[in-house]
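Novice: Spelled out, the chains give:
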Amino acid sequence: MADMKVAAYICQGCGLGDRLDTAALAGVAKKEGKAALVREHEFLCNAEGVKMIRDDIANEAVTHVMIGACSRRAKTEAFGFTDVAVSRANLREGVIWCQPETDEARETTQEMAEDYIRMGCAEVKKMTLPEGNPAAVTERTVLVVGGGVSGMTAALEASKAGYKVVLVEKSGALGGWAAKLYKRSPGKSPYAEPQDTPVADMDAAIAADANIKVYLNAITSKTSGSPGKFEIEISTESGSTATEKVGAIIQATGFSLYDANNLPELGFGKSANVVDQAGLEALAKAANGGAIKRPSDGGEVKTVVFVQCAGQRDDTGKHLPYCSGSCCSTSVKQAMYFKDSNPDIDTVVIYTDLRMPGNGEDFYRSGQNKGVIFTKGKVSSVEASGNQCKVNFHDLILNDQTAIDNADLVVLATGQVPNSGVDIDTKLKADIAAAAGDNSLLKAYNASQVEGAVQPISVLNLTYRQGPDVPQLKYGFTDSHFICFPYETRRTGIYSAGPVRRPMDMVQAMEDATGAAMKAIQAVENAGLGRAAHPRSGDLSFPKVRLEGCTQCKRCTVECPFGAIDEDEKRFPVFNESRCRRCGTCMGACPVRVISFENYSIDTVGSQLKAVDVPDEFSEKPRILILACENDAYPALDMAAMNRNVYSAFVRIIPVRCLGSVNTIWINDALSSGYDGVMMMGCKHGDDYQCHFVKGSELASYRMSKIGDTLKQMGLEEERVATFEVAITDIERVPQLINDYAAKIQEIGMSPLKGF
Amino acid sequence: MSEKYHNNFLKEVEEMVEEGEWVKMCMQCGVCAGSCPLGPHWAHPPQEIFMMIRAGKREEVLRSDSMWMCTSCYNCVVRCPRKLPITHIMHGLANYAHRLGLSPKNQPTQQFATLFWNNLAQTGRVNELKLSLGIYFKDGFAQGVKNAMAMQSVGLGMVKAKRLNPMELFGGHGVKDKAGFHAMLKKAREIEDRRKNFA
Ligand code: SF4
Ligand code: SF4
Ligand code: SF4
Ligand code: SF4
Numbered sequence: 001m002a003d004m005k006v007a008a009y010i011c012q013g014c015g016l017g018d019r020l021d022t023a024a025l026a027g028v029a030k031k032e033g034k035a036a037l038v039r040e041h042e043f044l045c046n047a048e049g050v051k052m053i054r055d056d057i058a059n060e061a062v063t064h065v066m067i068g069a070c071s072r073r074a075k076t077e078a079f080g081f082t083d084v085a086v087s088r089a090n091l092r093e094g095v096i097w098c099q100p101e102t103d104e105a106r107e108t109t110q111e112m113a114e115d116y117i118r119m120g121c122a123e124v125k126k127m128t129l130p131e132g133n134p135a136a137v138t139e140r141t142v143l144v145v146g147g148g149v150s151g152m153t154a155a156l157e158a159s160k161a162g163y164k165v166v167l168v169e170k171s172g173a174l175g176g177w178a179a180k181l182y183k184r185s186p187g188k189s190p191y192a193e194p195q196d197t198p199v200a201d202m203d204a205a206i207a208a209d210a211n212i213k214v215y216l217n218a219i220t221s222k223t224s225g226s227p228g229k230f231e232i233e234i235s236t237e238s239g240s241t242a243t244e245k246v247g248a249i250i251q252a253t254g255f256s257l258y259d260a261n262n263l264p265e266l267g268f269g270k271s272a273n274v275v276d277q278a279g280l281e282a283l284a285k286a287a288n289g290g291a292i293k294r295p296s297d298g299g300e301v302k303t304v305v306f307v308q309c310a311g312q313r314d315d316t317g318k319h320l321p322y323c324s325g326s327c328c329s330t331s332v333k334q335a336m337y338f339k340d341s342n343p344d345i346d347t348v349v350i351y352t353d354l355r356m357p358g359n360g361e362d363f364y365r366s367g368q369n370k371g372v373i374f375t376k377g378k379v380s381s382v383e384a385s386g387n388q389c390k391v392n393f394h395d396l397i398l399n400d401q402t403a404i405d406n407a408d409l410v411v412l413a414t415g416q417v418p419n420s421g422v423d424i425d426t427k428l429k430a431d432i433a434a435a436a437g438d439n440s441l442l443k444a445y446n447a448s449q450v451e452g453a454v455q456p457i458s459v460l461n462l463t464y465r466q467g468p469d470v471p472q473l474k475y476g477f478t479d480s481h482f483i484c485f486p487y488e489t490r491r492t493g494i495y496s497a498g499p500v501r502r503p504m505d506m507v508q509a510m511e512d513a514t515g516a517a518m519k520a521i522q523a524v525e526n527a528g529l530g531r532a533a534h535p536r537s538g539d540l541s542f543p544k545v546r547l548e549g550c551t552q553c554k555r556c557t558v559e560c561p562f563g564a565i566d567e568d569e570k571r572f573p574v575f576n577e578s579r580c581r582r583c584g585t586c587m588g589a590c591p592v593r594v595i596s597f598e599n600y601s602i603d604t605v606g607s608q609l610k611a612v613d614v615p616d617e618f619s620e621k622p623r624i625l626i627l628a629c630e631n632d633a634y635p636a637l638d639m640a641a642m643n644r645n646v647y648s649a650f651v652r653i654i655p656v657r658c659l660g661s662v663n664t665i666w667i668n669d670a671l672s673s674g675y676d677g678v679m680m681m682g683c684k685h686g687d688d689y690q691c692h693f694v695k696g697s698e699l700a701s702y703r704m705s706k707i708g709d710t711l712k713q714m715g716l717e718e719e720r721v722a723t724f725e726v727a728i729t730d731i732e733r734v735p736q737l738i739n740d741y742a743a744k745i746q747e748i749g750m751s752p753l754k755g756f
Numbered sequence: 757m758s759e760k761y762h763n764n765f766l767k768e769v770e771e772m773v774e775e776g777e778w779v780k781m782c783m784q785c786g787v788c789a790g791s792c793p794l795g796p797h798w799a800h801p802p803q804e805i806f807m808m809i810r811a812g813k814r815e816e817v818l819r820s821d822s823m824w825m826c827t828s829c830y831n832c833v834v835r836c837p838r839k840l841p842i843t844h845i846m847h848g849l850a851n852y853a854h855r856l857g858l859s860p861k862n863q864p865t866q867q868f869a870t871l872f873w874n875n876l877a878q879t880g881r882v883n884e885l886k887l888s889l890g891i892y893f894k895d896g897f898a899q900g901v902k903n904a905m906a907m908q909s910v911g912l913g914m915v916k917a918k919r920l921n922p923m924e925l926f927g928g929h930g931v932k933d934k935a936g937f938h939a940m941l942k943k944a945r946e947i948e949d950r951r952k953n954f955a
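For the record, the sequence lines run as chains A and B.
If you're matching positions, the first sequence starts at 1 in the working numbering and goes up one per residue.
If you're matching positions, the second sequence starts at 757 in the working numbering and goes up one per residue.
Don't read these hints as lab results, they were simulated from the structure.
Every residue, glycine too, gets a C-beta built ideally from N, C-alpha and C.
Don't take each hint at face value.
Unchecked claim - With the C-beta cut set under 10 Å, the calculated list includes, among others, these residues of chain A facing chain B: (1) Leu37; (2) Thr303; (3) Pro343; (4) Ile350; (5) Leu354; (6) Gln368; (7) Ile373; (8) Asp400.
To be verified - Computed cross-link-like contacts, DSSO-like style, restricted to lysine-lysine with a CA-CA straight-line distance of at most 27 Å: (9) A:Lys339 with B:Lys760; (10) A:Lys370 with B:Lys916; (11) A:Lys370 with B:Lys839; (12) A:Lys378 with B:Lys952; (13) A:Lys339 with B:Lys839; (14) B:Lys934 with A:Lys293; (15) B:Lys952 with A:Lys339; (16) B:Lys839 with A:Lys302; (17) A:Lys270 with B:Lys760; (18) A:Lys293 with A:Lys318; (19) A:Lys293 with B:Lys767.
Claimed, not checked - From chain A, some residues computed to sit far from chain B (all C-beta separations above 12 Å): (20) Glu40; (21) Ser189; (22) Asp203; (23) Leu216; (24) Leu257; (25) Ala291; (26) Thr347; (27) Arg365; (28) Lys370; (29) Gly371; (30) Phe374; (31) Ala407; (32) Val417; (33) Ile665; (34) Asp688.
Use the sequences and the hints to build the structure in full.
Specialist: Encoded structure:
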């Protein structure tokens, strides 16, 4: 690369010229920021302003551009120069819009702006233009694991979009759960009658589709590589193995019914006339529209009782704690099997809450209209006697301990258990704790791995060092970013769709699969261009590691939320660029700070915080560093400013990719250079996380929980470092948080470390 | 005999009770029970009545005085998310219970309704004076005098405002064609009985 030449541009538009002394800012950029070229412009983002910058790049050999104008989130197109490194000093949202327009405030407002200019200049000098990965390749084929309705939908949608598909199904036929159904709950208006399943049509469409290659009786016995270049080994029952190269993967392995054998109190296994929903579908299929017979003796069925939430929404810890969201609708449908063949058959659905997602409410009404009796109650037991059963239950409306004595058939709605493979999370959590010096979890994990214990079978058999399957969130469902990126697993380029991700019905599963197919296609294309997937879509930078300095501590490998890092034989980290989401968590984790990005590094942030002018102890002007997540906290701050919500003039804000990318050296540096406090703002973590990188903010708070010792060593109060969970909607709360924190700093007093 | 949680009684209600075919459509949300101004005063709010019908509690429903408590304010009908004509069903149930002779004996609403009907059916016009007196004296002479004294000022006010004619005590007004009116009522009842299979 040619010699670095920094140019700084200061905008006077949007009121900046009125509120700030831009000539002084230009002076700061020149003298302190050491910019070779400094220009002010009255309207920098207009065609003329942008052209001015362009000309400088072309004629003045400018390689680094610092723009002092609006937030980096604004005017991204105008200032989106792809041939130079660009930094932005946020003078508009970050200064004039969040500061009061008064004479008294003029001085501190100007100081704020000057600091941001210093920071912008310091940052850009440490950046280089991301070159991208010259080795980026991609295979325009999508692997779909699981041939149920979700998998078939994903395959057909990907093919329709022009991509090749490899579809792997464990059993001997496509269709999964849907193939076992006599009819399905309605998927289209008027949502009143059971419909034929789509299995036959989809099966035919797949057979006729030259883009889709189907493996039946087959499993994915090995998955290696990364997005764009996965290598898949497919083993078939006959013993043969095939190899396929694919660009992205969709896991649509569906669910199994919760085992009704766990429910002897509800009569399962004690009477042939107590069946689960699959059992009833089998009976209905056999009857094929005719009268469904009583299994025990082939007798006539006059009364059928449906027991909802059987072994579900359980708070005793014995059964499934969650609602499967689809079994109510299935019971309504199954009651109609009876009502449609003979309206005189009594069908009673005993539910605690009838949950009919989507347009299910219409279907429910249709069931009521057909005379299905719905009663809110909780079934305590089912007793078999002869060819009938007695269903004991508590009627919750009438508060009545009562029973239906003569049920010919009892159907248990048992719910969905995801087929998600091996739970690798327990091990991962244990590893993270162990890396931080706490071995108790690892011990417990190892103890649970006793020989002979049944271990679940892996679905994907990933060769990733992080484990053979995608991580799970809760109850065995695969983790997915349910707010922003619902099909996303924590393995880039691998998407999960359908009931393996969360309990759902067929309508939702088909939508899910379509969405996952689109995401898979995106992953395939991104991989080819060496670009990041969301939320840093299009980012060409990826972690570079200076292996000479690496101590093989493995923190990066363990903490990367996306399993992007493998280890070589010498236990050095190997970064898989196309698996990486550019969150920077590895950079935050590395104790020897050898990981960096071209446009984001220990130095880009470190030099910014050091560039700030920290007034002395007696100035009564404290300095508070805010490290704000660029996904939620930083936009919230920008929006707060748009609403002119004022906050303290003593804060200096640096956006970070994720709190996970915060390396403790920044905190140390800030405190030792005299900052009075550090606020970290990141997304909510926990089971209902909002962190865009899933684990980043959790890891950060884990790391920060250990920072107390450092503070003590430095002789500082604990409050000088504080972590906050901020949502993008917190535009009122965030200024309040800042002001409260500033007040607290005022209270504990200025840092004793100033001026060293 | 109606079996528990079987359709027998529900079917009976659907056939015999005005708007009874709506009962199966109730989704047990409880909005009616929460909306009814009389709610705290009845044993079973509409939601419960509908569930009792579905649970086959024939005797309990028909002998209940709950539906007699409905004042026809229509709060529930306005709010019911399933658009059940709850008020009409309440009256339909009361009427059905009454015709079967199962309704509670000294239920005041029922007594008033009977008085009102008999009063009206005589001449085709309501005789306010006789109606009021009928109510006052329904529990005996002494109580009647007490009631009449208590209501004295209201009565006098109504007389002054020409809403109550003391002369009505002696006969009172009526429709022109009384015989025709009676024939009409008789015919209506016949049609209804035939429709509902009453003997
Ligand atoms: S940037 Fe994030 S996704 Fe990429 S390797 Fe580092 S921790 Fe993993
Ligand atoms: S965290 Fe840093 S030192 Fe540790 S293995 Fe990774 S690169 Fe090496
Ligand atoms: S109409 Fe009758 S049942 Fe309905 S809210 Fe009014 S009083 Fe209650
Ligand atoms: S409001 Fe309507 S649906 Fe709700 S309980 Fe009452 S009658 Fe039933």
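Novice: Each hint: holds or not?
Specialist: Status of each hint after checking the structure:
no. : hint                   : verdict
1   : Leu37                  : violated, 68 Å
2   : Thr303                 : holds, 7 Å
3   : Pro343                 : holds, 9 Å
4   : Ile350                 : holds, 9 Å
5   : Leu354                 : holds, 8 Å
6   : Gln368                 : holds, 5 Å
7   : Ile373                 : holds, 5 Å
8   : Asp400                 : holds, 7 Å
9   : A:Lys339 with B:Lys760 : holds, 18 Å
10  : A:Lys370 with B:Lys916 : violated, 58 Å
11  : A:Lys370 with B:Lys839 : holds, 17 Å
12  : A:Lys378 with B:Lys952 : violated, 37 Å
13  : A:Lys339 with B:Lys839 : holds, 24 Å
14  : B:Lys934 with A:Lys293 : violated, 62 Å
15  : B:Lys952 with A:Lys339 : holds, 25 Å
16  : B:Lys839 with A:Lys302 : violated, 31 Å
17  : A:Lys270 with B:Lys760 : holds, 24 Å
18  : A:Lys293 with A:Lys318 : violated, 32 Å
19  : A:Lys293 with B:Lys767 : holds, 25 Å
20  : Glu40                  : holds, 63 Å
21  : Ser189                 : holds, 20 Å
22  : Asp203                 : holds, 38 Å
23  : Leu216                 : holds, 44 Å
24  : Leu257                 : holds, 26 Å
25  : Ala291                 : holds, 17 Å
26  : Thr347                 : violated, 9 Å
27  : Arg365                 : violated, 7 Å
28  : Lys370                 : violated, 9 Å
29  : Gly371                 : violated, 6 Å
30  : Phe374                 : violated, 7 Å
31  : Ala407                 : violated, 10 Å
32  : Val417                 : holds, 29 Å
33  : Ile665                 : holds, 59 Å
34  : Asp688                 : holds, 28 Å
In this structure, the earlier hints numbered 1, 10, 12, 14, 16, 18, 26, 27, 28, 29, 30, 31 are contradicted, and the remaining ones agree with it.
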